[in-house]
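Chain order of the listed sequences is F and G. Quick note: the first sequence uses my numbering, first residue 1, plus one each step. Quick note: the second sequence uses my numbering, first residue 1001, plus one each step.
Everything labelled a hint here was simulated from the structure, so no lab data went into it. There could be a bad hint or two in this list.
Rough simulated footprint, nothing fancy, chain F against chain G, three-plus residues with beta-carbon under 8 Å [said to hold, decoys possible]:
| hint | stretch |
| --- | --- |
| 1 | 1011–1017 |
| 2 | 1038–1048 |
| 3 | 1186–1200 |
| 4 | 1218–1230 |
All C-beta atoms in this analysis are idealised placements derived from N, C-alpha and C, irrespective of residue type, glycine included.
Spelled out, the chains give:
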Amino acid sequence: MTPTHRITRAAQLESLDDFRRFLKEHCAPHAGITAEILYDLQLAVDEACTNIITHGYAGMDPGSIILDLEIDASKIGISITDFGHAFEPKSAPTPDVDASIEEREFGGFGLFFIQQTMDEMNYRTTEDGNTMLLTKHIIIPTGD
Amino acid sequence: MLNYFRVKRQPEKVVPDLGAISVSMLESDAHLPFTIRQLNNLPEAVKRRVYRGLIPPNLLTRFGIDPIQWTGANKEPLVFLKAEVNSEKVLITAQSSPDMNDEFFALELADNSLNGVELNLVVLNDPTTPRYSIDTIEDGQPTLFGTLKRNIKAEEQAMHAGLAPGQVRAGLGGSRMVFEQLDTFLSMLGHRAYFLEPLTYASAWVFERRGFAYVRGHKLMDDIQRGFQAGGVLYQSLDDGSAFRKLDQASTVRGRAWAIHDGILDTLDLRWDKIRMVKQIGRHAGVETFPQAVY
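Input sequences plus hints: build the corresponding full structure.
Here is the structure:
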């Protein structure tokens, strides 16, 4: 069974550092997780959590964000759970990445970055919270 | 910052508004959650059989109560179920003798507007310990556990006896057992989580230890932790201004809870209300807003 590592923090921007450190600490022992992969994970988690902080808990005293991490031989699984307003992935606008800096609208890149850095992204809302599931495939060095 | 997904504001119901539980419903879907209201509409014997699962049998046998019959040594009823037809609430209480007015156990569950489950009340009192009348004022009017009015004299006595705000007697112990039982009961019903609003800082801390996370108020708990550090705003407000604001209270859960009960959060322009917690069935959130706390 793959062990799950968990950290739960308040949904506030100060917690993002804790999430980054948590990912670094638990990814460090795994040779297959390069600095580039770790950066992708941290970026995706940063974006997802910032959305929860900014929008998910908007208008209320922020609750918790639960971050679960599972690493096995071929993939890294991350789940991010909150109890705020649910996210509607299908309604998220696609940012115009080809537009010039002057023409670009502020915002809209969070989901785009997650999709670019992760191999799979799923989202579910159930009685026990809103959970974003992220998967990143890794290749373990064979030693050749 | 570059993130902004959209959010939907209308949450969906956990359970559709279905009618009575039927055999065909039980046979067709093992995962469909049931509401308290649906359970309350069951025949009395069935209802009692189902709700028996709400109290840990060990808790009853500690007081010589038959966990099946709910009676004492002389066959007198000592466990009471209030689960009226069409009601969305169930209250179950247990007392150690017919003469005692105070229960040692009380638990109330209710359906919420999304057909999820709320834990409205959980009480675990040691009936052998002294009782403090923090729940009434001198003319007998209820204080709603000190939230509406306060019986200061009784509260001081309770605090010096080691109780937390809202407690009329010392705790019984056994909250772990009760919450494990509740997890089992609600998973049997098909629910994945339940919710509550902690009355006090001390109860929120206990619920953290039992695996709850926050729907609202996690940041407040962090703010409180920071405020009670040496030099913090709350720490500085422990100025002997009342019996509930002594400096040594900053270092204990109960001490903080009494100071908060006494209104110390006013200094941060905050109030202890609308805190909401959630327990995911079978999972421990691992929240610890007061690390290495002394109770």
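Okay, the hints, checked on the actual structure:
Figure legend: the stretch 1011–1017 of chain G, annotated as covered by chain F; annotation consistent (3 residues with Cβ-Cβ distances under 8 Å, at least 3 required). Given as covered by chain F, the stretch 1038–1048 of chain G fails the check, having 0 residues with a CB less than 8 Å from a CB of that chain where 3 are the minimum. As drawn, the stretch 1186–1200 of chain G meets chain F at 3 residues by the rule of a beta-carbon pair under 8 Å; at three or more, the given contact holds. With 5 residues carrying a beta carbon less than 8 Å from a beta carbon of chain F, the stretch 1218–1230 of chain G meets the three-residue requirement, and the given coverage holds.
In terms of the numbered hints stated before, the structure departs from hint 2 and from no other.
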